[in-house]
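Peer 1: In case you want the letters, here they are:
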Amino acid sequence: MDSAIKGAKQVGNITQKLGPFVGLLALIVVVSIFNSSFLEPLNLLNLLRQVAINALIAYGMTFVILTGGIDLSVGSVLALSSALMAGMMVSGLDPILAIIIGCLLGAVMGAVNGLLITKGKMAPFIATLATMTMFRGLTLVYTDGNPITGLGDSYAFQLFGRGYFLGIPVPAITMFLAFAVLWVILHKTPFGRKTYAIGGNEKAALISGINVSRVKVMVYSLAGLLSALAGAILVSRLDSAQPTAGEAYELDAIAAVVLGGTSLSGGRGLIIGTLIGALIIGTLNNGLNLLGVSSFFQMVVKGVVIIIAVLIDRKKAA
Amino acid sequence: MDSAIKGAKQVGNITQKLGPFVGLLALIVVVSIFNSSFLEPLNLLNLLRQVAINALIAYGMTFVILTGGIDLSVGSVLALSSALMAGMMVSGLDPILAIIIGCLLGAVMGAVNGLLITKGKMAPFIATLATMTMFRGLTLVYTDGNPITGLGDSYAFQLFGRGYFLGIPVPAITMFLAFAVLWVILHKTPFGRKTYAIGGNEKAALISGINVSRVKVMVYSLAGLLSALAGAILVSRLDSAQPTAGEAYELDAIAAVVLGGTSLSGGRGLIIGTLIGALIIGTLNNGLNLLGVSSFFQMVVKGVVIIIAVLIDRKKAA
Amino acid sequence: MKISMENIHKAFGTNQVLEGVDMEIKDGEVHALMGENGAGKSTLMKILTGLHQKDEGTFTIDGEEKTFANPKEAEQFGIAFIHQELNVWPDLTVLENLFINKEPVTKFGLIQTKKMKAIANEQFEKLAVSIPLHKEAGECSVGEQQMIEIAKALMTDAKVIIMDEPSAALTDREIEKLFDVIRSLKASGVSIVYISHRMEEIFTICDRITVMRDGHTVDTTPIPETSFDDVVRKMVGRELTDRFPERTPDSGEAVLEVKGLGRKGVFQDVNFNARAGEIVGVAGLMGAGRTEIMRTLFGLDGKYDGEIFVNGQKVDVKNPSQAVKLGLGFITEDRKGEGLVLDFPIKDNIALPSLRSFTKNSLIQEKEEQEFVDLLIKRLTVKTESSKTEAKNLSGGNQQKVVIAKWIGIGPKVLILDEPTRGVDVGAKREIYQLMNELTDRGVAIIMVSSELPEVLGMSDRVLVVHEGTIAGELNREEADQEKIMTLATGGQVNG
Amino acid sequence: SLQPPEWAKPSSGSGEGDVKVGLSVSTLNNPFFVSMKEGVEQEAEAQGMEVVVVDAQNDAAKQVNDVEDLIQQGVDVLLINPTDSAAISTAVQFANSLGIPVVTLDRSAEKGEVATLVSSDNEKGGEIAGEYIVEQVGEGAKVAELEGVPGASATRERGAGFHNIADEQLDVVAKQTANFDRTEGLTTMENMLQGNPDIEAVFAHNDEMALGAYQAIQSSGRDILVVGFDGNDDAMSSIKSGNLSATVAQQPIEIGKLAVQAGDDVLQGNEVEDTIPVPLKLVTEENVEE
Ligand SMILES: Nc1ncnc2c1ncn2[C@@H]1O[C@H](COP(=O)(O)OP(=O)(O)OP(=O)(O)O)[C@@H](O)[C@H]1O
Ligand SMILES: Nc1ncnc2c1ncn2[C@@H]1O[C@H](COP(=O)(O)OP(=O)(O)OP(=O)(O)O)[C@@H](O)[C@H]1O
Ligand SMILES: [Mg+2]
Ligand SMILES: [Mg+2]
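Protein chains in written order, with this note's numbering: chain A, 1 to 318; chain B, 1 to 318; chain C, 1 to 496; chain D, 1 to 290.
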């Protein structure tokens, strides 16, 4: 009996891990039945490029949620750091250097969140709600509400958001590279283990001598850095920095993380799930557009799909 | 010594309860120093009217947060129920009847949230994120993206959002009446006690024989009902139903609850705090407008104020 | 390693917990630390290991003054701490749990899983533990989790190991294993600080004993020079007669009857009854399924096989709220996690299951509520300033009394107590036993699940022994003894 | 490379049969753009073309994705109503690289090849509003301005036009954004009135805000001139009943229709002008019946 239970549990575990993947496949099948052009190579490449921005933000959100936190400010961090990048570019800085500095500034904004949460002992929801408003305001102040344009025509910069490398869109390559690096960090390093430990049982993590504050600050900084990286891609894609960029992006990122099977209470989840979650959302957006569903109905469908996906996941877990 | 400790504790308790109130007073003093017209009776009446909508939503949010949940869908519930109310009015239904039915429909939408969370075992954040999208989509589908106008000119209906009773704006009266009723429910009835118990320790509440699912469904329904009531006021104020009404209202409501000292992890907080929190946010909006602060800086200031308020609260608690 | 603590003071806010504690730990000794709930035992050890900081006093280690800034430092210095509250990560595997914050890494900073496995296997062998390393810790029973904690501490090659109530969740078999390990550690020169409320253990394994009361050290004596009663007197500050109050059982009709109760893969074909005025003890090894049976009986786990009768009527217990309406009360083994709303005042906790009885016109009648609560607080002699004190500020024993008060308040027909005295000091224990007697005198049927055999033998009128999810046997008061229970609990047969 | 790989490019020659028009709208939550969309659909039907509509919901990034998705569906010509003229550039360039002609509506694209821009002249409209206010309340009067979504081109252009006149001839004492939203128009106006009791006129960057502002003014019991922009149905009926004073009316249906015609011309290989202006009209109580 014992081994039967064990067996059943293992199967349960695998379907749990595969759950989001099966969902994605099902979605792809449905969409391509209704519109054959979905599977055309160019569309798939477009899809990957479209997904990249949300995926990058959602990676960072995964770390944050694994520690039991949440980051509502990602969209504003994206906007502020991309405005700063564009500002630097306009003032003549080398675009790639501007992007690197911009990403570091994003990390600093994330660190502000982390410090408010650890040193200031604020609930992550409130701290990042406040910085969301604040960073957005700063973006608007900095840009005076206008898009920043005239970013020059450095080829490397254009490639960053718009180009192809070996036939694959560069943002998609960035997305996969970041995935590889973050996967190793999360699953193969003590830092990743600590991330899980904090979310799973913060008190115990503290007692085990983990420097909880430092890990958290690093996690929020990482989220800020990744949002800024996503912002850089957006700046290149839009050839401008938009002051209103990234509004409500936190919701898509959180949805990707949750669709990927990560628990909002922390301590449990996989970054591969998040990638799949982002692909699900991207496929949904792309597919509904291809199927010509009106934008109003698209919202209804997206809400329903999230509910169904999570409900199926719950059923399996039970 | 013992009684001294007791004394110190009581003082601690009182300042904790008074904290938000002191914050509000300080804010009022600052604003009125810089702009004397703030304290003019008409402005104060306007302020109360402006606050009413957020306060009503935030009351419901207080119950939800006390159970340890969150409701992101309040803005969409407001939009959908007010569109339905306006639709009924246009089709000739008595406006007051339409408002009553609309509020009940809001309660039903809230019940949907409650059922997803209890029967569907979804995390409140995700369930209401999904319904937020869904209800907004339904609003847009129903209104086809256009405002609904031509609501007739029933005097009672106009009074509801625009009128005065004994010199006080009717929405403000609604806000205070609702406060009184909800205060009694929260502090004097078994339902209120159960709300706290669930947020304090859900397992213990369950084992004590509380029907946790039923209480939660009722709490989310209440939040839906109050959002719809806020929607009715908005419909009357704007003499139309706007499909985009209520966007991001959840954030203001949550901010009001938290500024009022209620803990996001549930079980601890007071509804009077929420009313004060809503007044703080309203005063901030109104005051910054009066002072002619640019809307961009207003956002920065709002973010900073939330952070400072919460940090001061933490300091006191420690 | 020789550690001496002198004149340690510590206050949390206005709560002065330690007021001059002295204690000395010698090389290679097993040193017992005892005291009532809330005496400050855990706090003292937390300060020693850097989890809290002292207000006053000195720690001297091998002649040098030393203060640790955090637990990691203490651990690196050779002091390991098995905490009273289990520090497991339910979502991480056993292996990951064992190595949290001390994973071996390659020079590229990557975790070496193979090396971890080898170390863990070796350690588990020593402890004779057979928990699969890839199992999620949350799926382990409390006892298994405790063994993980013990293994974790042993892995650090510590010179001093502090064990804060390590046996609370273990049954006799595991405790024996633990004692074997302690003996071999001692032989190799490791010192142990052993905190427990179980007298028998102290006298079995320890060399010296320090007793604390109200934030002071009473004294330290070698075990052979002291006695059971002596220790108790020092702890509670007065003479305490028998451990178990006398029972005059007088049982009536069967109030609760269970026929063929089962839940797939957990337990099966459970039959028993409980009569008015009777205490039914339920014994068994850790993980035997006792808690699961009681949870199902109380409607906490949903669907079940078999039938439940209350007062001879067949009932369908779908959820706890129905169980409560039927007159069942359940004092769970996890009082902080499931028994109390820690942020609530005592009053609200006690009133929670009986709100209906003093609600009129949908409003809670506060005066009636207060009277009701005050009465219960008095009857159970809960030590507190007022009924408005928050439950989290009470000591363990008093918390347990509040949980019991809460259930007495509903006027139960059947009261299920799961490990009612786990982590409760001797004084409070006796008071709880007395309460159980009072209840049975008034015709309440009590089902008491316990892993402490003396308690089972001392209090039960009848003993059910659970083995691997079935009732392996039933013994009445006269025939029950330690040996027979253990035989049944391990799958053996008893004639009679 | 900035080009998609050859193997991925769609096989061209989907030009058989019906002409397929792709329309990307900045938002459909606003009656103005809904009317514009309807204009496109009416004209396309008249010409026997098929229309696919996508809605960017005011998100510049989403719009770039939307345009890609339209191209994926094999449209022959793209009609784009950009959320932002800079941000749309890369999408236009992408269409250019695949040889699909682009017509923009209401706003233009900064980069990329656009066949033509069909729009009303927002800056001119702002000036018209400014002039009307000067005419009604006189030079040097104190006025308030309700601005649209910060950074939106309509906000910038209408504001710029208005200030061309107002900076010289009026005194703008209060200026706040109400995000093109009626609710915000209402509360912002209430607060402005409180801070500046002697305002004589209000210019709102769209009718929605103007209608909200009117509610605020009405309940304050004051008599203040309110001028909106767009000329949507609600505003028209409000002017008719003497509430709103005026609006600078655009003709969104006309914009849509002209855009389809321009697209058709391009496909036929005909020359089109760089910009096709659609007239604006000041609507007041006098001429509202027309
Ligand atoms: N972090 C803390 N903050 C405030 N008070 C605390 C804290 N930790 C412990 N206390 C208080 O200090 C006192 C001593 O607690 P401690 O846990 O040391 O007792 P103990 O002797 O270990 O009791 P037990 O036998 O129940 O484990 C108690 O009154 C407890 O409420
Ligand atoms: N939350 C859980 N998840 C998975 N398995 C569990 C869980 N709780 C208990 N079990 C398993 O169910 C079985 C019965 O456990 P139960 O707690 O009923 O035992 P018990 O006899 O009360 O022992 P204990 O002294 O540990 O409380 C054990 O094999 C245990 O591992
Ligand atoms: Mg202790
Ligand atoms: Mg048990």
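Everything labelled a hint here was simulated from the structure, so no lab data went into it.
Be aware that one or more of the hints could be misleading.
[Claimed, not checked] Just so you have them, the derived chain B footprint on chain A, three or more residues with Cβ under 8 Å:
#1 45-58
#2 117-126
#3 295-307
[Stated by the list, open to error] Which stretches of chain C does chain B cover? Using the computed rule of at least three CB atoms under 8 Å from a CB of chain B, they are:
#4 146-157
#5 263-271
This structure is a prediction, so every number in the text was calculated from the model and none was measured.
For glycine and all other residues, C-beta sits at the position ideal for the given N, C-alpha and C.
Peer 1: Quick check: which numbered hints come out false for this structure?
Peer 2: 1, 4 and 5
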